[in-house]
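Protein chains in written order, with our numbering: chain A, 1 to 276; chain B, 1 to 708.
Among the hints, a few may not be true.
Claimed, not checked - DSS-like, lysine-lysine: derived pairs with alpha carbons at most 30 Å apart:
1) Lys199(A) - Lys281(B)
2) Lys118(A) - Lys149(A)
3) Lys213(B) - Lys204(A)
4) Lys213(B) - Lys199(A)
5) Lys182(A) - Lys281(B)
6) Lys419(B) - Lys645(B)
7) Lys213(B) - Lys197(A)
8) Lys268(A) - Lys197(A)
9) Lys149(A) - Lys645(B)
10) Lys223(A) - Lys197(A)
11) Lys213(B) - Lys183(A)
12) Lys161(A) - Lys208(B)
13) Lys208(B) - Lys183(A)
14) Lys204(A) - Lys208(B)
15) Lys161(A) - Lys223(A)
16) Lys633(B) - Lys204(A)
17) Lys256(A) - Lys281(B)
18) Lys183(A) - Lys451(B)
19) Lys268(A) - Lys451(B)
20) Lys268(A) - Lys645(B)
21) Lys182(A) - Lys451(B)
22) Lys135(A) - Lys645(B)
23) Lys419(B) - Lys223(A)
24) Lys100(A) - Lys451(B)
25) Lys161(A) - Lys281(B)
Because the hints were derived from the structure by calculation, they are not lab data.
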Amino acid sequence: MDAESLLLSLELASGSGQGLSPDRRASLLTSLLLVKRDYRYSRVLFWGRILGLVTDYYIAQGLIEDQLAPRKTLYSLNCMEWSLLPPATEEMVEQTSVVKGRFMGDPSHEYEHVDLQKVNDGDKVFEEEIVVRIKEETRLVSIIDQIDKAVAVIPRGALFKTPFGPVHVNRTFEGLSMSEAKKLSSYFHFREPVELKNKTLLEKADLDPSLDFMDSLENDIPKGSWSIQMERGNALVVLRSLLWPGLTFYHTPGTKNCGYIYVGTGEKNIDLPFML
Amino acid sequence: MEDSTAQKQEKENQESGEEERPWGEITAASSQDFKSGLSEPLESEQGPETEPYSRSSPPGSPQSRDSAPLGDLTGPGASSPPSPPEEPSSTPPLALSGQGLEAPRQTHPNHSVIPEAETPHSDHLKQSSDIGELTHLTCQSTGNAFPQFQQTNGHLYEPRDVSCSNSKQKELRFDIFQEEDSNSNYDLDEAEPETAPSVLETAIQNAKAYLLKTSSQSGLNLYDHLSNMLTKILDERPENAVDIIENISQDVKMAHFSKKLDTLQNENEMLPTYEIAEKQKALFLQGHLEGADQELEDEIAGNSLPNVMESAFYFEQAGVSLGTDETYRVFLALKQLTDTHPIQRCRFWGKILGLEMNYIVAEAELRDGEDEEEAEEEDVTEERDNEDSEGEEDDELPRSFYKAPQAIPKEESRTGANKYVYFVCNEPGRPWVKLPSVTPAQIVIARQIKKFFTGRLGTPIISYPPFPGDESNYLRAQIARISAGTHVSPLGFYQFSEEEGEEEEEVEGGRDSFEENPDFEGIQVVDLVESLSNWVHHVQHILPQGRCNWFNPIQKSEEEEEDDDEEKEEKEEFDYIEQEVGPPLLTPISEDLEIQSIPPWTTRLCSNLIPQYAIAVLRSNLWPGAYAFCNGKKFENLYIGWGHKYSPESYTPPVPPPVCQEYPSGPELTEMDDPSVEEEQAFRAAQEAAVPPAEENEDTDEDEEDYD
Numbered sequence: 001m002d003a004e005s006l007l008l009s010l011e012l013a014s015g016s017g018q019g020l021s022p023d024r025r026a027s028l029l030t031s032l033l034l035v036k037r038d039y040r041y042s043r044v045l046f047w048g049r050i051l052g053l054v055t056d057y058y059i060a061q062g063l064i065e066d067q068l069a070p071r072k073t074l075y076s077l078n079c080m081e082w083s084l085l086p087p088a089t090e091e092m093v094e095q096t097s098v099v100k101g102r103f104m105g106d107p108s109h110e111y112e113h114v115d116l117q118k119v120n121d122g123d124k125v126f127e128e129e130i131v132v133r134i135k136e137e138t139r140l141v142s143i144i145d146q147i148d149k150a151v152a153v154i155p156r157g158a159l160f161k162t163p164f165g166p167v168h169v170n171r172t173f174e175g176l177s178m179s180e181a182k183k184l185s186s187y188f189h190f191r192e193p194v195e196l197k198n199k200t201l202l203e204k205a206d207l208d209p210s211l212d213f214m215d216s217l218e219n220d221i222p223k224g225s226w227s228i229q230m231e232r233g234n235a236l237v238v239l240r241s242l243l244w245p246g247l248t249f250y251h252t253p254g255t256k257n258c259g260y261i262y263v264g265t266g267e268k269n270i271d272l273p274f275m276l
Numbered sequence: 001m002e003d004s005t006a007q008k009q010e011k012e013n014q015e016s017g018e019e020e021r022p023w024g025e026i027t028a029a030s031s032q033d034f035k036s037g038l039s040e041p042l043e044s045e046q047g048p049e050t051e052p053y054s055r056s057s058p059p060g061s062p063q064s065r066d067s068a069p070l071g072d073l074t075g076p077g078a079s080s081p082p083s084p085p086e087e088p089s090s091t092p093p094l095a096l097s098g099q100g101l102e103a104p105r106q107t108h109p110n111h112s113v114i115p116e117a118e119t120p121h122s123d124h125l126k127q128s129s130d131i132g133e134l135t136h137l138t139c140q141s142t143g144n145a146f147p148q149f150q151q152t153n154g155h156l157y158e159p160r161d162v163s164c165s166n167s168k169q170k171e172l173r174f175d176i177f178q179e180e181d182s183n184s185n186y187d188l189d190e191a192e193p194e195t196a197p198s199v200l201e202t203a204i205q206n207a208k209a210y211l212l213k214t215s216s217q218s219g220l221n222l223y224d225h226l227s228n229m230l231t232k233i234l235d236e237r238p239e240n241a242v243d244i245i246e247n248i249s250q251d252v253k254m255a256h257f258s259k260k261l262d263t264l265q266n267e268n269e270m271l272p273t274y275e276i277a278e279k280q281k282a283l284f285l286q287g288h289l290e291g292a293d294q295e296l297e298d299e300i301a302g303n304s305l306p307n308v309m310e311s312a313f314y315f316e317q318a319g320v321s322l323g324t325d326e327t328y329r330v331f332l333a334l335k336q337l338t339d340t341h342p343i344q345r346c347r348f349w350g351k352i353l354g355l356e357m358n359y360i361v362a363e364a365e366l367r368d369g370e371d372e373e374e375a376e377e378e379d380v381t382e383e384r385d386n387e388d389s390e391g392e393e394d395d396e397l398p399r400s401f402y403k404a405p406q407a408i409p410k411e412e413s414r415t416g417a418n419k420y421v422y423f424v425c426n427e428p429g430r431p432w433v434k435l436p437s438v439t440p441a442q443i444v445i446a447r448q449i450k451k452f453f454t455g456r457l458g459t460p461i462i463s464y465p466p467f468p469g470d471e472s473n474y475l476r477a478q479i480a481r482i483s484a485g486t487h488v489s490p491l492g493f494y495q496f497s498e499e500e501g502e503e504e505e506e507v508e509g510g511r512d513s514f515e516e517n518p519d520f521e522g523i524q525v526v527d528l529v530e531s532l533s534n535w536v537h538h539v540q541h542i543l544p545q546g547r548c549n550w551f552n553p554i555q556k557s558e559e560e561e562e563d564d565d566e567e568k569e570e571k572e573e574f575d576y577i578e579q580e581v582g583p584p585l586l587t588p589i590s591e592d593l594e595i596q597s598i599p600p601w602t603t604r605l606c607s608n609l610i611p612q613y614a615i616a617v618l619r620s621n622l623w624p625g626a627y628a629f630c631n632g633k634k635f636e637n638l639y640i641g642w643g644h645k646y647s648p649e650s651y652t653p654p655v656p657p658p659v660c661q662e663y664p665s666g667p668e669l670t671e672m673d674d675p676s677v678e679e680e681q682a683f684r685a686a687q688e689a690a691v692p693p694a695e696e697n698e699d700t701d702e703d704e705e706d707y708d
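Based on the sequences and whatever the hints tell you, model everything.
Below you can see the structure in the form of structure tokens.
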């Protein structure tokens, strides 16, 4: 959700129960403004909150003019002092995939993972235990990256691609119409397209190259990994990710108000097929 | 490239300038032919077909007519750019079409193409239907590729590749051209099927289907529109068609008469919005309505309604809230509930998220008006008994030994897991639905499954251990589990009630009723945050059996046992099933079990900035979404979430039940061999020796022989 319209956004996204206490709101409004100035972002998003066992991580993201460019991620424990996280790499994701369970809330906490590795010593093959230490900060980076890639959502038309390549915020976006708002196909993944190239010519024929340059949600695997609800008597669309429970996307049809927030434990729901 | 070829062409044109004249005449004649053809009502397709010629003729043929020598020299090659692109592209089919045509071209490689290409092709076009239209359209679009055509006359498909790479649009059009052509002159160009793979054909089909797609707004499609446009142009023959093409397009569209479809129903896109608003209006109006009958209000609403807004304020401090307006709507809905039902005490339990709709859950204690649901459910159990008795009808064959494990009866209302009654609604303003009371079997099964709620109470729950009931029962079971796990209060707020407590102790050593401590002094918030032992459970623990109070399933079944072996087995089992005991009521939560090294609770102070006015916030890690706050004197519990328990491991479906062992092979199952002849003879000998009369034996012999 945009840092500037934080209060309205929080009110809209509150259907899932996760909000911010008044002191957190006030400090976010103050500190995100400063973040925007200091890091020279054109737009700052309040990304959400990862619940730790001791303390919570508050996450913000800074965007430059090109909306699809790699985003900078910042975290804070008290909503005032923000620290920049390093960009996520493939290695990190692979490395932290062995860690399960909840976040602690301490960035310097180290998870220990015992890895069994086969060692060839001459003719003998024996297994050796290798203790891998993984910092929680690394895990935080990779989880945020995974969530961003998997379930960050933007309605169709909110961004547009300029002829020169960069993607900008569409100032003429008037919100989705009521019939569009009920369909998953009007929502896009807020990331570089992955699946778009695999579409057939007929599917592509309808696409508007300046608007349809991202993957739509409707082809997500497994089918049914989104819950789409009209709340307040159709006045508000709420999308909840079931794959990453805690991610809530809200949009008021007919207006520009839209955004997403993640409040959760930072764990993927791998039981999804059993639960549907 | 183009320049060089153009020059080359010019040269050749000059060399054979005389030959140009007939061409001019021919084209003029042919175009006249077409004009006359147009007047005939025969084929409307002819209009589009002739279109390219009429376009090419103004630059080409009039000049040749007016000033013959000049036009001869420069006309086709240099001064009329639109014409050359057409001609060569129309030649390729011809190149393969007839050898008679091919021969003269070889003699006059370049410019002879021009006349010959035009005339036969037009003939051919007449035969083929509206293909010609398309071919020429595409030809013009691929004008850039002209020089390549010239050079690579023999290789038909190379220029296509070039033009394909130019742009996708061209590729599309060209594909159409290619396909249409191949359909019409299929026998002529044999190379076509080889080089056109099926992928390409499907792409063409796709493109054509796309062109034929009808717009929902105007009811037109692009394919018809283009052909209408071209018909119009050919009908009217405007001087500068290319300049006013936009206007023509607009005119054609305007001329298209379309009536707005009568949809029989009014467009009610926003209807649900109004509907819920109408229902919620009733919530806001009910205050006035109640003013009428004061007695009822005094009687019922005395203290049954909780102060939702106050606790919502504290929860908001804790960072848990539904939003101010929704909370107030819930508040009003609770008021509606207490007004319409005989409720002694009511509480906002929380919200359970669903896939399509959510549930707002209210926890209530009824006054005296208990309902009749239990009777119905008893009927159900009776039916089950009947089913069992039906099995007893035929005594001759052995009946199934298997008896379903004895159903554990559910707890009485107002006790155990059924202490409270729960009402749910999907949205504030919609009617409240009372959930049925929970049975132990439902709780036991609910512990083994993990399903999302859909938001419709009647949805069947399809799961591996079959769940006895629909979503309302599952919801009720989850509510019972969450309440038992996460409803906590600060130490000292509740105490055991003295009179009842003693009675309970006699039964099972644990007490299950409590009352508010009138002498509760409050508790320091800091203590609440620092020590988990200052929080206690005030809802009974649910045993693995699925009940809060132990029910002994053994006593009745013992009488029926007859065989000694079975009795022994049963007794062993009985020894194994000892009374399940859970933590008693008002146990501190510091004794809760850890979830694999994860503490089950997290406590925090809601604000570190102003600690003196902060409240203690408790968050359950076992049931994500369960919160409790206490500001020293007041406390409240709230659950907002999906209704699932947390586990660090992924959900594992329960293992299938063990396969029943077959009956052990023993003397009851095995049979002796048939009696042999020797044995029988020995037997007879023995009998004869014993009993002199032999008549009976003979009879038996005969019988035995029959059996052998």
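Structure-based check of all given hints:
1. Lys199(A) - Lys281(B): violated, 48 Å
2. Lys118(A) - Lys149(A): Violated, at about 34 Å.
3. Lys213(B) - Lys204(A): holds, 14 Å
4. Lys213(B) - Lys199(A): holds, 19 Å
5. Lys182(A) - Lys281(B): holds, 25 Å
6. Lys419(B) - Lys645(B): Measuring from Cα to Cα gives roughly 22 Å; hence the hint holds.
7. Lys213(B) - Lys197(A): Holds, at about 23 Å.
8. Lys268(A) - Lys197(A): holds, 27 Å
9. Lys149(A) - Lys645(B): holds, 26 Å
10. Lys223(A) - Lys197(A): Roughly 20 Å separates the two Cα atoms, so the pair holds.
11. Lys213(B) - Lys183(A): holds, 21 Å
12. Lys161(A) - Lys208(B): holds, 28 Å
13. Lys208(B) - Lys183(A): Holds, because 27 Å separates the two Cα atoms, which is no more than 30 Å.
14. Lys204(A) - Lys208(B): Roughly 14 Å between the alpha carbons, so the hint for Lys204(A) and Lys208(B) holds.
15. Lys161(A) - Lys223(A): holds, 28 Å
16. Lys633(B) - Lys204(A): Given pair Lys633(B), Lys204(A) is violated - Cα atoms ~63 Å apart, limit 30 Å.
17. Lys256(A) - Lys281(B): With a Cα-Cα distance of about 27 Å, the restraint between Lys256(A) and Lys281(B) holds, given a limit of 30 Å.
18. Lys183(A) - Lys451(B): Within the cut-off at roughly 24 Å; holds.
19. Lys268(A) - Lys451(B): The given pair, whose Cα atoms are some 16 Å apart, holds under the 30 Å limit.
20. Lys268(A) - Lys645(B): holds, 14 Å
21. Lys182(A) - Lys451(B): Answer holds: Lys182(A) to Lys451(B) is near 24 Å, not above 30 Å.
22. Lys135(A) - Lys645(B): holds, 27 Å
23. Lys419(B) - Lys223(A): This hinted pair is violated, its Cα atoms lying about 40 Å apart.
24. Lys100(A) - Lys451(B): holds, 22 Å
25. Lys161(A) - Lys281(B): This hinted pair is violated, its Cα atoms lying about 44 Å apart.
The structure fails to meet hints 1, 2, 16, 23, 25 from the earlier list, while all remaining hints are met.
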